Amino acid sequence: MSNEVNIGEIIKAKRAKAKMTQETLAELAGISIDYLSKLETGKRTNLSATTLLKIAHALNTTTDSLLTGNSSNKNSELTLDAQEQLLLKRLHTLNKESRADLIHAFMELIHVVNKQQNNPRMK
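Under our numbering, the first residue of the sequence shown carries the number 5, and numbering increases by one thereafter.
Be careful, since some hints might not be right.
[Unchecked claim] Pairs of lysine to any residue, SDA-like flavour, derived with a Cα cap of 20 angstroms:
id	residue 1	residue 2
1	K93	H108
2	K23	L90
3	K42	K93
Worth flagging that the hints you see were computed from the coordinates, not collected in a lab. Quick caveat, the model's predicted, so the values are computed rather than measured.
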């Protein structure tokens, strides 16, 4: 009986559980889609600790969780879905001033939407 863990299968299962596409995970982790696909299918089994850490971070889990298959979220209070992670990643590509402007506009938009949701006459 083998105790070997197929890390590719674990990554694929955790990606599916997070409702993430390969494209999204690859972008969040900063790796190519081809590389991720080969990892998930077992065609590629070697990966660096850095890549493992990037994938774990993108999946909002720990490296231990990827190595063992055990469930673990880095932060049980706040779990971001794939779109939220991607939004934050793209937000961080902007310069400080643009990022502040966008955050301000986004907060204003949230305020308006919350107001509409709480006042049926505004709908």
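Hints and how they fare:
| no. | hint | result |
| --- | --- | --- |
| 1 | K93 x H108 | holds (17 angstroms) |
| 2 | K23 x L90 | holds (13 angstroms) |
| 3 | K42 x K93 | violated (24 angstroms) |
Hint compliance for this structure: hint 3 alone is broken.
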